[in-house]
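Here the protein sequences come in this chain order: A and B.
Per my numbering, the very first residue in the first sequence carries number 539; after that it's consecutive.
Per my numbering, the very first residue in the second sequence carries number 265; after that it's consecutive.
Derived by calculation from the structure, the hints in this document are not laboratory data.
Where hints are given, some of them may not hold.
[Said to hold, decoys possible] Calculated cross-link-like contacts (lysine-lysine; reagent style DSBU-like; alpha-carbon spacing at most 30 Å):
1) B:K329 with A:K709
2) A:K709 with A:K651
3) B:K531 with B:K392
4) A:K709 with A:K579
5) B:K531 with B:K958
6) A:K618 with A:K684
7) A:K709 with B:K413
8) A:K618 with A:K579
9) A:K709 with B:K398
10) A:K684 with A:K666
11) A:K687 with A:K666
12) B:K904 with B:K471
13) A:K652 with B:K360
14) B:K413 with B:K435
15) B:K939 with A:K706
16) A:K666 with A:K706
17) B:K531 with A:K706
18) A:K666 with B:K360
19) B:K456 with B:K329
20) A:K720 with A:K684
21) B:K471 with B:K360
22) B:K471 with B:K914
23) A:K666 with B:K456
24) A:K618 with A:K652
25) B:K815 with B:K471
26) A:K687 with B:K914
27) A:K666 with A:K647
28) B:K471 with A:K706
29) B:K904 with B:K939
30) A:K720 with A:K687
Because the structure is a prediction, the values reported are computed rather than measured.
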Amino acid sequence: MIARRTLLAAAVATLAAGPALALPQLGQPAPAFTATDDHGKPVTLSQFAGRTVVLEWTNSGCPYVGKHYNSGTMQALQRKETADGVVWLTVSSSAPGMQGYFTAPTARKWAAKKHWAGTDLLLDSAGKIGREYGARNTPHMFVIDKAGKVAYMGGIDDRPYEDPESLKGAKPYVAMALADLKAGRPVAVPTSQPYGCSVKYNSAD
Amino acid sequence: MRLMTGLLAGILGALALTAPAVADPGPGPHVNADLVADHSGIAPGQTIHIALRQQIQPHWHTYWKNPGDSGEPPRLAWTLPAGFTTGDIVWPTPGKIPVGPLMNYGYEGQVLLPIPLTAPASAAPGAKAHLAAKVEILVCAEICVPETKEVALDLPVTAAPAPADPTWGPKIAQAIAAAPAAAPLTAAFQAKGATGVALAIAGAPLKGADAAGAYFYPASATAIDHAKPQAIERGPDGLTLTLAPGYDFQGGRAPATLAGVLAIGGKAYEVAAGPGPAPPGTSGLGPPAAKAANGGGADLGLLTAAVFAFVGGLILNLMPCVFPILAMKAASLAAHGGAEHRAEARAQGLAFGAGAVVTFVGLAGLLIALKAAGSAVGWGFQLQSPPVVAVLALLMLAVALDLSGVFEVGASLQGAGSGLASRGGLAGSFFTGLLAVVVAAPCTAPFMGSALGWALTQPAAAALVVFAALGLGFAAPFVAVAFVPGLLARLPRPGAWMDLFRKALAFPMYGAALWLVWVFAQQTGPEELAKLFAAGVIVALAAWLAGLAQKRMALGRRAVGLGAAAAIAAVVALAAVVWPKPAAAELTAEPYSPARLAELQAQGRPVFVNYTAAWCVSCQVNDRVAISTSTVRSAFARHKVAYLKADWTKHDAAIAAELASHGRAGVPLYLVYGKGGGDGVILPSILTPDIVVKAVEAADR
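Just chain B, same shape as in the assembly (with noise of 0.2 Å):
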């Protein structure tokens, strides 16, 4: 414990080492300003937008409207050819730039702030106009340096719209086109106490709409807290930020409008709340899964990737999830103590790494493959198949009936040849690496969040170094007390209390099993448990009678009748919980074609489009919790649904193209089609019978 907490203040001191020392501001101009503009000229009463280039010194930026806690927005001071107007600064979404404890919004390299620009009717073709303007701008790395520049354009009146700049025109249109949109959002906001404003936001575009990242960046700098985290909560019709309130609340205030841009999944929009009750549909999915932040947020190298994996394996060795397991370990290592062992417990050290390695990467390997047929499965996913979860409660039990002394597993490897008398060992240990990875994985999600998301975008190879590393750091602390002669020589030496200590350390591993069992009962009902509850009891008989014939074995008898009934026990056991239950309130669906559901549209029936595939954990979740219920099956039928079902369990083109043309990379996805046709509504990627009937309410309206 003393050597873990040592090796975390290491690292997390060697990452502090590394904050930028104190900045030389070195020569000007930090920031290289220069107008251009999309049309290689302008006509008389014509609008187009001329841009402010700003090129900024790499490790320096520049403001956005808001600057955020410090700094302040360019300014431009315009000297224009009589009549000629110029419009507001189309703002391009700005970047998080984070100062110590504060926070900045702005930009780095280089940004078109897009001004619109209109020429008089009067305006003469052929003249030239020229557009002149006095530009203030704070550039800030670690200090702040005022530059004030002298910007000038001569753009030729033209008696026609002249033809875009080859170099501006798209660069500009860009610019524009990125910017936040005017987009059709309701949104509210609620001060709750000193601590929290809820600003909840709902409308088309945030459905289905990607919200790991979402930041909202509010118009005016007295707002909100800037540097405090926003929470997340998603909701099937859009999102729920807490944002810590800034001065404009204080002393039971609150602004009559709190306005600004929400950028969400690459996207940006303008926001503007009033005070009140959230709109409907902006809560209830919970925070969405957590993925490297996007929108200025630093891209995490490979590098400083691995390295926080290696720190995230470390804590994970404090998970409550995985103390069970240690235990189990450190009952294991405690046997190997002393010095004549030494050799040994490296051994075992090394196999407990490799176990945990491993299956990192094994798991790594699995999620990619998935990810790559499309199922929508995220870190700890193994944890949210019922039937996974209970083969873990059911392993549970079994190691803890092992550590009660019911049977055992090491003394049955020895049995099985002399070869593998000194590997048996060796094998447990493996063994019990695998285990740990596979319980404590879960845990890992809200700490590695970041590191996970970012490696699952990357390429497999990438992927896997991440994993690794979160391998590495999750064994080393064990692989260390392995070889570290010192700490090795601390483990007390074996004894009588090392049986003791076993059969107390099976009461954690009882308690791990029923915490699965808990976990089970919420994914599942009762009927379910009750079949894992039968299993738990035919697993202990299994045990028992492995213990029996180890104990005729031992005595040099034939036990393969007791061995074969142990076997054919555990195969009973593992069946029940995992055959799969009859679908009871199973709906009938159509396959859905192009045509068939253009014709029950041309009928004037709502039609609930089911993009599916057997392999998908999700869907099945869905169609087992959401789809495939009482509840859903009277809505289908009091609304006259038509319910096809489009299945991509094997490859189809067709539904491929279906998919990519909603956005979608693979399934689960869910459209509504209403009775007065027009394009489907897409439902949330996790449903519950409430999403569902609502929807197909909407739909037959």
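So that you can see chain A by itself, here it is in the shape it has in the complex (with noise of 0.2 Å):
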């Protein structure tokens, strides 16, 4: 009887929550996922297999966002490791009517305004794969290894704050876990606190 009435409870309030973020696990196979990207070409997590990706959501009115992609370091960091051979894939979850919300003019025009140089730029306005990965915040980033693996997960640095002169001497932990997976050597800080502002996910469903 109390066991029933506590299993109800709970369903009720599993239920009540919605629908959380689920959290891949580090060390564990990454979630697959195939997105449609800012030309409209279809874009799947398992055709860069064997390469160290890196994925990094985004939303073009966040003020931390502006914070990376104002100074140009995210833009710098993206230009280096594509040429070192990493897969950069940007992505946007924000839902339609939100801030970010991203069509494919408008990812474009957004690109090229900012000088974007990832490998490519997915559009994810249902929050799929966002959910999949329990992305929390824009910039929130992820590193997978060239197993397949979740090699790193959380902030970009070790800033979580809005103001630009935050950037001054701040510890680059995705340019630093990329450093690691070069050279072969655990990734010494492999999750830090993602920061940033909140996901604009359909809140409706």
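Reassemble the complex: the two chains are provided individually, in unrelated frames, and hints are given to aid placement.
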């Protein structure tokens, strides 16, 4: 009787909490996905098998994204890493009508204006990839190693502030993780606090 | 069934539409900030509190020190006169601010962030200290706007400590008093795979605290998954929260400490847990009774609560505990199928609805009255009482026997008078509605906890509106079937199959009766169970006699003797299960008085005080299952415990005052005083022999 009630209550609590975000597990295979990019082309994670992949969540209207793009640090890292053979996927999970929502043309326009230098720009307005990865912020960063396993999750650096001044002397966790992978070392700091704006998921679903 | 699903989908869809549309940030500033001080001046060497006051636009929020899934806390860069120093912000307990599937911790409306300010001993009285800060505040609604402010305050340096500021002195003092406090708590956490972290917290402040809505706000943003619900398990000395692990627990790692704030029962405490086994007394009592969430949770409005209650009522129709009753109702509706019976079907539907609503309102009224009288009851309380469960079991048995054709409820009513011929069925429908609610009520507890808990804290009229809405929702599908001609026409026509159908439906009812007997067996012992079985046989006999009487009357014969025998048998059956059993292990208690307590304490004896009342159901349950047991009796003898009883059956102002001084509005309350004197330890309101024995052992140490 009591057990049954507890179960029921737990089930109800789970339902009431709504669609919760799952967490990918460090050292485990990264969740597979297929998305459409800003040119309408389908992109799957598996097509990059054998290469290191960076996932970067973005929102063009978010001040924290602005900190890294207006200063040029994000594009500089994108250029350096893609030149080294790293695949850099920038993902927008803003839902229609929400801040930072991208259609293919607005995404291309933003990329051109910001001199964005990643490999591909993925449109995830349904929030499907975002929810699978438990992406909660813009920018929220993930690094997937050549074996397809999650190697890093968290912030781009150790400064969870909007103030551009905070870039000075920041520890660049993503760059550090990529350097560790290139050198064949275990990633020294495999997780950190993701920070920034909330990902603008469609709150009604 | 399809109709129900459609209705539900429609209602849920309508709720979803109320989700906010995209926010236009509008003109700023969205937050105003300034500095205020709790004293009108500061003396050399003195420490006072100043506070950053934030006045936040409606629907916008700023953040706690751990902002949760996004955002950042306000940051201050001070420019202070030489030698002046500021301490850490005293963060008020935040509220939970859900954003889509994410969770933020922060503040809305006006909030004060108190900050200690110390003047150097060398400060010159008569001068003005110019305190200035650049404040960066991230303020968010659906989107976020960073706002930068320059704030300043000129504070006179006084030779002697200055008086408190009339406006801000009390407000800052209040903010500091309400902030999470350091407390004598023991806490430990254990990771349970990748799915949960059990955080167990014990300590005196948690004893007897209302754990409903308890919440752990982690200090670190990577410790837990903020958006996941925190399951609460209570224990006699504390509680265990099951949290979803955050990045700190990834890859088999665990943090060295899990620190944060526990908000519980309107209070908040600092918590720092290390890895390790749970402290004793932090589990075993199950989750708290559901009630409206506190601490930043949105208040349910009456209309919202009524709407949710209506939806909850609809969902109740799918509950296994009411299914047998509905099976019975379906048989009755089928009997009124066909276009020629439309008017009667409508009347039947309305009677069923009236029965459901009246019963819900009646139960609510009873619950409100019991609460007012001081009994610790919750929704579903009627099934906590073994006599009620026994009576219900017998009732189910009687209904099943009726369905099996042993006797006829409708027929006997018809036989009672020609005037009742047409209304006999209506009374039956009303009764079906009533029975369905009584059995369904415990099922509402988990689903409707929030709305019902809220309702019971409201004025009686509002509570009754919510319960009436629940009844309406519950009755709606059947009333709809009775009123929509298309639906009614689809019901099969009556015929000989109905008798078969009816007899088949008896079996779910036998099942329901057995389920209730099983519940009864959990609550009582083998002796009581034997009595209930005997009563069941007598009920079957009574039903058979009644059936015989009905058959005779149908043939025009008198059947007074048989009828009377059936009635007597029914009364005997009821009496057998409701009659209180003699309390075999009754402990001898002295009446409580403060003077007697002091006298016993002076003798160095441990004292157990039982605040009870004859009408308090949980007091009686505790008495039977925990206190009046041989285990407790021998423990009392072993530790020379004096047993005092404060009987609150009749109004007693002195006892009421004692209860109030322990923060209680009613009984039960159990206090154990140690032989060394001092204040009493409050035991949980739901006792087990083990809890009592442990408490008196501790009192004898």
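**OP:** Sort out whether A:K684 lies within 30 Å of A:K618, counting only the CA atoms.
**Re:** holds, 18 Å
Original post:
Given the hinted pair B:K471 and A:K706, is their alpha-carbon gap at most 30 Å?
Top reply: Violated, at about 49 Å.
**OP:** With a cut-off of 30 Å on the C-alpha distance, tell me whether A:K709 and A:K579 pass.
**Re:** violated, 35 Å
Original post:
Within a Cα-Cα threshold of 30 Å, do A:K652 and B:K360 meet the stated pairing?
Top reply: Given that 30 Å is the threshold and the Cα spacing comes to 35 Å, the pair is violated.
Original post:
Taken at face value, is the distance from the CA of B:K398 to the CA of A:K709 at most 30 Å?
Top reply: Cα-Cα ~25 Å, so holds.
Subject >> Given pair status - B:K471, B:K904, alpha carbons within 30 Å >> reply: Measuring from Cα to Cα gives roughly 25 Å; hence the hint holds.
Original post:
Can the restraint linking A:K720 and A:K687 be considered satisfied, given a maximum Cα separation of 30 Å?
Top reply: It holds: about 15 Å lies between the C-alpha atoms, which stays within 30 Å.
Subject >> Restraint check for B:K471 with B:K914, where alpha carbons must lie at most 30 Å apart >> reply: holds, 28 Å
Original post:
Can the restraint linking B:K329 and A:K709 be considered satisfied, given a maximum Cα separation of 30 Å?
Top reply: Holds: B:K329 and A:K709 sit about 21 Å apart, inside 30 Å.
**OP:** Please work out if B:K815 and B:K471 have their alpha carbons no farther apart than 30 Å.
**Re:** Given that 30 Å is the threshold and the Cα spacing comes to 62 Å, the pair is violated.
Original post:
Is B:K471 within 30 Å of B:K360, Cα to Cα?
Top reply: Given that 30 Å is the threshold and the Cα spacing comes to 25 Å, the pair holds.
Original post:
Holds or violated: are the alpha carbons of B:K531 and A:K706 at most 30 Å from each other?
Top reply: Distance of about 40 Å is beyond 30 Å: violated.
Hint compliance for this structure: hints 3, 4, 13, 15, 16, 17, 25, 26, 28 are not met, and every other hint is.
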